[in-house]
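Protein chains: 2
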Amino acid sequence: MISQLIEKIKSTNAPVCAGLDPMLSYIPEHVLLKSYDSFGETLEGAADAIWQFNKEIIDSIWDLIPAVKPQIAMYEQFGIEGLTVYKKTIQYCRRKGLIVIGDAKRGDIGSTSAAYAAGHLGQVQVGSKACRGFDVDMLTVNPYMGTDGVKPFVDVCDAEDKGLFVLVKTSNPSSGEFQDRLIDGRPLYEWVADKVVEWGAQSMDGAYSNVGAVVGATYPEMSKILRKQMPDTYFLVPGYGAQGGTAEDLKYCFNQDGLGAIVNSSRGIIAAYKQEKYKSFGPENFGQASRQSVLDMVADINNVL
Amino acid sequence: MISQLIEKIKSTNAPVCAGLDPMLSYIPEHVLLKSYDSFGETLEGAADAIWQFNKEIIDSIWDLIPAVKPQIAMYEQFGIEGLTVYKKTIQYCRRKGLIVIGDAKRGDIGSTSAAYAAGHLGQVQVGSKACRGFDVDMLTVNPYMGTDGVKPFVDVCDAEDKGLFVLVKTSNPSSGEFQDRLIDGRPLYEWVADKVVEWGAQSMDGAYSNVGAVVGATYPEMSKILRKQMPDTYFLVPGYGAQGGTAEDLKYCFNQDGLGAIVNSSRGIIAAYKQEKYKSFGPENFGQASRQSVLDMVADINNVL
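Line by line, the protein sequences are chains S and C.
The numbers in the first sequence follow my numbering, run straight up by one, and end at 305.
The numbers in the second sequence follow my numbering, run straight up by one, and end at 305.
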């Protein structure tokens with residue numbers, strides 16, 4: 001899988017991932033009202049608005065980027081109706097040839113992680129038939145439970161040629177509370193990084209492993225160290241733009257070959273029309289504003305590589 | 001919420017929670033075949049079998065226990081169809097007066113955790129209406145992202161009188177890989193425990209906080225220390241029975257007042273009819289086998305308190 005992602009990063013010349021993390025407050029009034037008109041101010045109405053919003057954005061940007069990262073929480077908050085749109089979004093993006101990274105941060109004891117892995121990346125056996133639940137290409141995973149909570153995800157990736165990004169150093173302000181604490185002189189996230197390398201060693205797919213890492217853009221000094229510590233591990237880098245990470249901060253996430261990282265932006269892309277910079281597009285043309293913001297982000301990042 | 005849980009623990013005299021974590025391999029053949037007959041060997045067929053299985057078990061045990069803990073992964077693996085049964089199970093249990101602990105182990109950056117909290121415990125605003133997604137009473141939460149990943153859950157609990165169990169020391173074999181590593185002479189899980197106490201300090205509901213902790217039954221020496229460290233924190237204790245924890249191991253999870261912990265068993269209850277001990281019930285009477293296993297588990301635990 002990681003080799004497919006790299007192919008697409010090269011062909012688009014864009015180490016960029018669009019975070020499809022819709023909040024109702026990002027969705028233009030005309031889209032919301034139309035959905036509420038059809039389905040009421042209900043979970044179904046909210047889900048429809050999200051779907052219409054996503055579809056317009058995907059249609060506007062799909063040819064510029066290799067991958068999208070829907071954050072499942074933004075759908076899960078609307079219950080079954082929201083998750084139905086999560087699935088529909090995944091299917092639509094895959095049909096467009098986009099690689100879909102499910103941002104679910106799942107992780108549990110072994111048998112439970114196996115169920116998550118089957119439902120999100122793999123297949124479940126029902127009688128004599130194999131069925132697929134959400135079927136994303138790659139998934140984010142939480143490492144707090146240790147090896148037996150992560151291994152079932154790796155096994156499914158190996159069987160199905162899919163990929164993971166395991167949380168190592170997250171982009172949020174309080175990520176350091178536990179992740180930065182020193183254990184035998186090294187921060188916890190470096191110990192997690194060692195494990196990610198170990199977990200991914202048997203899952204090489206070309207020059208990189210199918211087991212990647214989440215490394216926030218907001219802590220460049222740490223990315224620099226992690227990049228050296230995990231040369232064969234692809235980084236999914238959140239935190240660019242709205243969360244405060246700049247292109248300059250990002251450059252340490254990449255290897256000398258210009259590969260090794262894919263940078264995510266969510267709000268900065270999908271709610272671009274709300275920014276002063278893209279205001280002239282108007283809410284009616286929010287998709288075109290998103291397209292321009294992707295073009296600008298790609299140029300911004302390629303500028304420092 | 002925790003005061004309601006305690007009330008129900010006292011009235012049932014059972015500090016026990018049934019883990020509704022159905023795997024297809026736990027479900028008797030006659031239930032599976034009937035569902036496959038109606039819906040085919042599909043996600044819908046699997047979901048129907050899980051629903052029929054859950055319903056029979058809930059009907060057989062609801063009067064004996066205060067709470068159930070459905071593990072969302074076991075439903076999520078069957079995609080939308082599975083999650084629809086997760087929601088149906090929650091609603092059915094709540095109508096029976098059971099407290100429902102959603103075992104979802106969610107946790108992310110602040111805005112994302114806020115979405116999870118709204119969807120699982122609280123409500124989402126859709127236009128002028130407030131809607132509810134899954135609506136459990138209590139939820140398990142992963143602390144790896146630190147305070148800003150947990151705080152949104154606490155806020156919803158405060159607003160809605162609901163509860164949390166934050167992972168401190170999990171029951172799985174590799175939980176020690178990160179959780180037991182020493183930071184300034186104390187294991188990581190003790191530092192997490194300190195934070196759980198801090199996060200829950202403003203959420204007292206009687207003698208205990210609405211912010212509880214997950215403390216595995218499989219590490220009794222650690223429970224002893226955590227019990228002293230977090231006197232006002234309720235423990236959700238997985239790992240009894242099938243995972244290897246015994247009643248003797250559990251006693252350290254309780255305070256002197258006999259309160260402070262609720263012990264979960266999943267496989268041991270819902271797949272009881274498969275055990276040698278309950279084989280005489282036969283697969284046709286799997287609900288009655290579950291009932292007997294609950295009675296035995298309650299007696300076993302009360303014996304050491």
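Hints may be right or wrong, so weigh each one.
Said to hold, decoys possible - Simulated pairs of lysine-lysine, DSSO-like, Cα-Cα distance not exceeding 27 angstroms:
| id | chain 1 | residue 1 | chain 2 | residue 2 |
| --- | --- | --- | --- | --- |
| 1 | C | Lys96 | S | Lys87 |
| 2 | S | Lys88 | C | Lys96 |
| 3 | C | Lys10 | S | Lys129 |
| 4 | C | Lys55 | S | Lys129 |
| 5 | C | Lys10 | C | Lys96 |
| 6 | S | Lys10 | S | Lys34 |
| 7 | S | Lys274 | C | Lys129 |
| 8 | S | Lys151 | S | Lys87 |
| 9 | S | Lys34 | S | Lys274 |
| 10 | S | Lys129 | C | Lys96 |
| 11 | S | Lys129 | S | Lys8 |
| 12 | C | Lys274 | S | Lys88 |
| 13 | S | Lys55 | S | Lys8 |
| 14 | S | Lys55 | S | Lys151 |
| 15 | C | Lys55 | C | Lys195 |
| 16 | S | Lys228 | S | Lys279 |
| 17 | C | Lys129 | S | Lys87 |
| 18 | C | Lys129 | C | Lys195 |
| 19 | C | Lys274 | S | Lys129 |
| 20 | C | Lys195 | S | Lys195 |
| 21 | S | Lys88 | C | Lys10 |
| 22 | S | Lys87 | C | Lys87 |
| 23 | C | Lys129 | S | Lys129 |
| 24 | S | Lys151 | S | Lys96 |
| 25 | S | Lys55 | C | Lys274 |
| 26 | C | Lys129 | S | Lys34 |
| 27 | S | Lys8 | S | Lys34 |
For the record, the hints were derived by calculation from the structure and aren't laboratory data.
Please read these numbers as outputs of a predicted model, since none were measured by experiment.
Do the hints match the structure? See the list:
no.	hint	result
1	Lys96(C) with Lys87(S)	violated, 32 angstroms
2	Lys88(S) with Lys96(C)	violated, 34 angstroms
3	Lys10(C) with Lys129(S)	violated, 46 angstroms
4	Lys55(C) with Lys129(S)	holds, 25 angstroms
5	Lys10(C) with Lys96(C)	holds, 17 angstroms
6	Lys10(S) with Lys34(S)	violated, 39 angstroms
7	Lys274(S) with Lys129(C)	holds, 24 angstroms
8	Lys151(S) with Lys87(S)	holds, 25 angstroms
9	Lys34(S) with Lys274(S)	holds, 20 angstroms
10	Lys129(S) with Lys96(C)	violated, 35 angstroms
11	Lys129(S) with Lys8(S)	violated, 32 angstroms
12	Lys274(C) with Lys88(S)	violated, 39 angstroms
13	Lys55(S) with Lys8(S)	holds, 21 angstroms
14	Lys55(S) with Lys151(S)	violated, 34 angstroms
15	Lys55(C) with Lys195(C)	violated, 38 angstroms
16	Lys228(S) with Lys279(S)	violated, 41 angstroms
17	Lys129(C) with Lys87(S)	holds, 25 angstroms
18	Lys129(C) with Lys195(C)	violated, 35 angstroms
19	Lys274(C) with Lys129(S)	holds, 24 angstroms
20	Lys195(C) with Lys195(S)	holds, 25 angstroms
21	Lys88(S) with Lys10(C)	violated, 46 angstroms
22	Lys87(S) with Lys87(C)	holds, 17 angstroms
23	Lys129(C) with Lys129(S)	violated, 41 angstroms
24	Lys151(S) with Lys96(S)	violated, 30 angstroms
25	Lys55(S) with Lys274(C)	violated, 48 angstroms
26	Lys129(C) with Lys34(S)	holds, 16 angstroms
27	Lys8(S) with Lys34(S)	violated, 35 angstroms
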